[in-house]
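Student: Could you build the full structure based on these sequences and the hints that come with them?
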Amino acid sequence: MMLNKIKNMVTLNMGIEHTFRFYGVRNQNEEFVGKIVGIYPAVFTIELSNKMIKAFSYSDLLINNLEIIE
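Each residue of the sequence shown is one higher than the one before, starting from 23 at the first, in the numbering used here.
Check each hint, because a few of them may be wrong.
Claimed, not checked - In the BS3-like style, the derived pairs of lysine-lysine whose C-alpha atoms are separated by at most 30 Å in a straight line are: (1) 27 x 76; (2) 57 x 29; (3) 27 x 73; (4) 27 x 57; (5) 57 x 73; (6) 29 x 76; (7) 73 x 29; (8) 57 x 76.
The set of hints was computed from the structure by calculation and includes no laboratory data.
Tutor: In structure tokens form, the structure reads like this:
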């Protein structure tokens, strides 16, 4: 999937609550519920259900480190 398609997909899902799964280093996987609240040129931000903000790059989606679960 190309980076422009990923940016468009993130834009379309902005404000919609989803479950996300992040595959970190050394099997530190994390699953959380939140919604995309900010879109920037290199990163996007997700507000979690506890009002915490996490930032991810579009390449995290490209290389499957971050997964949006429907």
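Student: Does each hint fit the structure? Answer for all of them.
Tutor: Against the structure, the hints:
no., hint, in the structure
1, 27 x 76, "21 Å, holds"
2, 57 x 29, "15 Å, holds"
3, 27 x 73, "28 Å, holds"
4, 27 x 57, "19 Å, holds"
5, 57 x 73, "10 Å, holds"
6, 29 x 76, "17 Å, holds"
7, 73 x 29, "23 Å, holds"
8, 57 x 76, "10 Å, holds"
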